[in-house]
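For chain A, the structure is supplied; the task is to place chain B on it using the hints.
There are 2 protein chains.
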Amino acid sequence: MPKNNRKAVILLSGGVDSSTALALSLKNGYQVNPISFEYGQRHSRENESSRKIAEHFGLKLKEFSIDLRQIGGSSLTSEAAVEDHSPEEIGSTIPNTYVPSRNIIFLSIAASYAETIGARTIIYGANSVDYSGYPDCRPSFVNYMERALQEGTKIGTEEGMSVVAPLQYLSKGEIIRMGLKLGVPYELTWSCYRGGEKACGRCDSCILRLKGFMEAGSPDPIEYESLPEFYQAFLNKL
Amino acid sequence: MPKNNRKAVILLSGGVDSSTALALSLKNGYQVNPISFEYGQRHSRENESSRKIAEHFGLKLKEFSIDLRQIGGSSLTSEAAVEDHSPEEIGSTIPNTYVPSRNIIFLSIAASYAETIGARTIIYGANSVDYSGYPDCRPSFVNYMERALQEGTKIGTEEGMSVVAPLQYLSKGEIIRMGLKLGVPYELTWSCYRGGEKACGRCDSCILRLKGFMEAGSPDPIEYESLPEFYQAFLNKL
Numbered sequence: 001m002p003k004n005n006r007k008a009v010i011l012l013s014g015g016v017d018s019s020t021a022l023a024l025s026l027k028n029g030y031q032v033n034p035i036s037f038e039y040g041q042r043h044s045r046e047n048e049s050s051r052k053i054a055e056h057f058g059l060k061l062k063e064f065s066i067d068l069r070q071i072g073g074s075s076l077t078s079e080a081a082v083e084d085h086s087p088e089e090i091g092s093t094i095p096n097t098y099v100p101s102r103n104i105i106f107l108s109i110a111a112s113y114a115e116t117i118g119a120r121t122i123i124y125g126a127n128s129v130d131y132s133g134y135p136d137c138r139p140s141f142v143n144y145m146e147r148a149l150q151e152g153t154k155i156g157t158e159e160g161m162s163v164v165a166p167l168q169y170l171s172k173g174e175i176i177r178m179g180l181k182l183g184v185p186y187e188l189t190w191s192c193y194r195g196g197e198k199a200c201g202r203c204d205s206c207i208l209r210l211k212g213f214m215e216a217g218s219p220d221p222i223e224y225e226s227l228p229e230f231y232q233a234f235l236n237k238l
Numbered sequence: 001m002p003k004n005n006r007k008a009v010i011l012l013s014g015g016v017d018s019s020t021a022l023a024l025s026l027k028n029g030y031q032v033n034p035i036s037f038e039y040g041q042r043h044s045r046e047n048e049s050s051r052k053i054a055e056h057f058g059l060k061l062k063e064f065s066i067d068l069r070q071i072g073g074s075s076l077t078s079e080a081a082v083e084d085h086s087p088e089e090i091g092s093t094i095p096n097t098y099v100p101s102r103n104i105i106f107l108s109i110a111a112s113y114a115e116t117i118g119a120r121t122i123i124y125g126a127n128s129v130d131y132s133g134y135p136d137c138r139p140s141f142v143n144y145m146e147r148a149l150q151e152g153t154k155i156g157t158e159e160g161m162s163v164v165a166p167l168q169y170l171s172k173g174e175i176i177r178m179g180l181k182l183g184v185p186y187e188l189t190w191s192c193y194r195g196g197e198k199a200c201g202r203c204d205s206c207i208l209r210l211k212g213f214m215e216a217g218s219p220d221p222i223e224y225e226s227l228p229e230f231y232q233a234f235l236n237k238l
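Residue numbers (this note's numbering), protein chains in the order written: chain A, 1 to 238; chain B, 1 to 238.
Only chain A is shown next, with the shape it has when bound in the complex (with noise of 0.2 Å):
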């Protein structure tokens, strides 16, 4: 394998964050290989924006199919119901949509599928600044988990593996200020957690969503059923 090996496999979850981390890696001159994930989610929709995203910008993506209710223990993949917070307290705890472990499902099903394609990168649109507190976004677990992967993988022992999270310090008005610039289509992707018709405007993940659009001074182009009062008085200044 060449030494300048560029082939990245990123996990695509058609949400703002991996949608500007794959425009901004193909900016950076990586092979991507996008990854999206079938785990029995409430918003399965969010797969066909990944769909969606990967066709814009030419790429093949691996649609990979991993039953998550059959753990259970969330929100996202139970009958429990989406608990909503105010912006003040998304982040300061760990809510109920947290999916036990599932980014790190995630990242060792994406480590396989590299290895499998011969990449050595991942690239992975954690954010720790802007986010819902789960503890698999936090820069601790990216830095381990990548060193397990270099001893646990073949690639990783005989080439080196990276996970590679480039928005990981970044505010969600930073992320969506660049990936404008970067053309990201934000209006084909998806972050509501409760996959109905329009996203719902009352959710952790829209919440974010919808200050990151406000800090970034650019409406978000897709349809809420509700919005929340600070982006509706944000909108009214425009």
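Warning: the hint list may mix true and false statements.
Identical copies look the same in the list; a pair holds intra-copy or inter-copy alike.
[To be verified] For lysine to any residue, the following SDA-like pairs were computed, each having C-alpha atoms within a straight-line distance of at most 20 Å:
| # | residue 1 | residue 2 |
| --- | --- | --- |
| 1 | K154 | N143 |
| 2 | K60 | L188 |
| 3 | K154 | E197 |
| 4 | K181 | E38 |
| 5 | K198 | E225 |
| 6 | K154 | D84 |
| 7 | K52 | G195 |
| 8 | K62 | G40 |
| 9 | K62 | S44 |
| 10 | K154 | F57 |
| 11 | K154 | S132 |
| 12 | K62 | G72 |
| 13 | K60 | Q31 |
| 14 | K7 | E63 |
| 15 | K154 | V129 |
| 16 | K62 | E48 |
| 17 | K154 | P139 |
To be clear, the hints were calculated from the coordinates, so they are not data collected in a lab. The model shown is predicted, which means the values in this text are computed figures rather than measured ones.
Okay, now just chain B, sitting in the frame of chain A:
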């Protein structure tokens, strides 16, 4: 949760190592919750063994299904033939039975299950003495994976998370000698990669197993299609 939380999840493959690790963990006072994986493996017969072993010890087996043929990359999950090796060759390179990142994926799912049932210990029958050369059995991997799970899970963040590999530094002979004392029903276990009616007696997994029984000075109770010379010689001396 009580400070003295002895609830544990164990990866039970139905083979010699995980079955022995299970018996040892019970003896050490863990409340053991075994999990097995139907991953599209050629030798899915091992899951039958997992069921029988869990039943033998009066434990409820969690059976998780994840189709790793979606990734491929191994002779165990594709049409590629299982390569055999001499006893001397085994462990010196990574063989084509290596399933990319398999145990990393399994440990991640075990962590998800552990979180859901409130366990903060994962027992992993990895061995790095008499092993097939898989990188995900090495102590350095186990250590980093433990750190990743501590940082990346809710239970790890709140209470800590341990990955215990009690057989890590034992030879196969030592494992089996211990297991015989612990009453492990080795007649119920399955190791062969080929997954036929009888164990093949030629694949790396059969060779390591037979070598172990020979070293333990006790004949293997399961049936084989053919026996390697070294083991035949051992039987003749009994």
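Handout entry: Numbered hints the structure breaks, given as an ascending list
Key = Violated hints (numbers, rising): 3, 4 and 10; every other hint is consistent with the structure.
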